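There are 2 protein chains.
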Amino acid sequence: LQAATADSGIPAAGAEVAFQFLHSELVSFLLREQLQGGGGGPATVQQCRAQLSKLETMGFQVGQAYVEKMTKDLPRFRDDLEIVKFLCKDFWASLFKKQVDNLKTNHQGVYVIIDEKFSLLVPMARGKQYLDRCHLYTAFPCGLIRGALTNLGLRAIVTAEVEELPRVKFQIQLVQHST
Amino acid sequence: LQAATADSGIPAAGAEVAFQFLHSELVSFLLREQLQGGGGGPATVQQCRAQLSKLETMGFQVGQAYVEKMTKDLPRFRDDLEIVKFLCKDFWASLFKKQVDNLKTNHQGVYVIIDEKFSLLVPMARGKQYLDRCHLYTAFPCGLIRGALTNLGLRAIVTAEVEELPRVKFQIQLVQHST
Numbered sequence: 798l799q800a801a802t803a804d805s806g807i808p809a810a811g812a813e814v815a816f817q818f819l820h821s822e823l824v825s826f827l828l829r830e831q832l833q834g835g836g837g838g839p840a841t842v843q844q845c846r847a848q849l850s851k852l853e854t855m856g857f858q859v860g861q862a863y864v865e866k867m868t869k870d871l872p873r874f875r876d877d878l879e880i881v882k883f884l885c886k887d888f889w890a891s892l893f894k895k896q897v898d899n900l901k902t903n904h905q906g907v908y909v910i911i912d913e914k915f916s917l918l919v920p921m922a923r924g925k926q927y928l929d930r931c932h933l934y935t936a937f938p939c940g941l942i943r944g945a946l947t948n949l950g951l952r953a954i955v956t957a958e959v960e961e962l963p964r965v966k967f968q969i970q971l972v973q974h975s976t
Numbered sequence: 798l799q800a801a802t803a804d805s806g807i808p809a810a811g812a813e814v815a816f817q818f819l820h821s822e823l824v825s826f827l828l829r830e831q832l833q834g835g836g837g838g839p840a841t842v843q844q845c846r847a848q849l850s851k852l853e854t855m856g857f858q859v860g861q862a863y864v865e866k867m868t869k870d871l872p873r874f875r876d877d878l879e880i881v882k883f884l885c886k887d888f889w890a891s892l893f894k895k896q897v898d899n900l901k902t903n904h905q906g907v908y909v910i911i912d913e914k915f916s917l918l919v920p921m922a923r924g925k926q927y928l929d930r931c932h933l934y935t936a937f938p939c940g941l942i943r944g945a946l947t948n949l950g951l952r953a954i955v956t957a958e959v960e961e962l963p964r965v966k967f968q969i970q971l972v973q974h975s976t
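Chains as they are written, first to last, in my numbering: chain L, 798 to 976; chain W, 798 to 976.
Since the hints were made in silico from the structure, they are not lab data. A quick note: this is a predicted structure, and the numbers were derived from the prediction, not measured.
Identical copies look the same in the list; a pair holds intra-copy or inter-copy alike.
Lysine to aspartate or glutamate pairs mimicking DMTMM-like chemistry, simulated, CA-CA at most 20 Å apart:
| hint | residue 1 | residue 2 |
| --- | --- | --- |
| 1 | Lys914 | Asp898 |
| 2 | Lys851 | Glu822 |
| 3 | Lys851 | Glu830 |
| 4 | Lys895 | Glu879 |
| 5 | Lys866 | Glu822 |
| 6 | Lys866 | Glu879 |
Chain L with its partners taken away, still in its complex shape (with noise of 0.2 Å):
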């Protein structure tokens, strides 16, 4: 095999490419599951419930796992808040390649966060068929944001809103720790 071929002009696409096309993927399988498991016929809540969970799962244990490994040598956060213009700043920008549009606070533990044009959501932009899909689209990125915030130290409960693909609003609750 020759040398390496750093200077060979070739585009790299990115891994933040694949990991795009594989979460669609996933979302896509994890589709078909549903409709073939479904008999064809329109999927339960359950199934919906079932399939959002699977999906919210993984993006929180990927979500935790990333954000160990970006912060590790990282001198703690001072505040709520300096943990949250993390995650829509490094974290955001090291993975989807651009930082949050817009993060409002009440400063009562609620954040909103925009993504105008949201990377996990790009490939899926497309096809509007996917607006009815049980929002199987938001729940890897919102279980995602969950697994970094917990990560972090932040209990909190995420939500996600699509009004048109690709824009998405995160609203993330924070909840107060109990000791």
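Given the coordinates of chain L, work out where chain W should sit on it, guided by the hints.
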């Protein structure tokens, strides 16, 4: 939200790590599904095959889409060897942050690729128990390679051998076109 922190000095874990974690999570997920479906006993050959086939298909789809994106503005490759070299260098580097360690060919359509530290196996290299698990962890990358080659016009059978994690040997057997 404050300005970008491209100079924040925080080491980016890199999306290829997220890709790694997501693959690892996908394998764990299918393992869990298999164990739940199998009533706790060892998986049957049919169950193993079904899970392998799901992973291989997902890899195939991702490989196809990814190479499509990587090569859409490139001139056509001259021959099979050039395609395989592209796979070993640019494709590998873009997804796994390294090139393959060794490429051999018999010049009759068989290529053997060795990666001494294959990144998709790194998260699994800690747990020896995975070695017995129906090769679940190599099915996706075999599909990935097959998908990449297919998109570049080469039909192939791709198999993998792992003697010691995370070292892997992929064998590519090109299938001659019947035209």
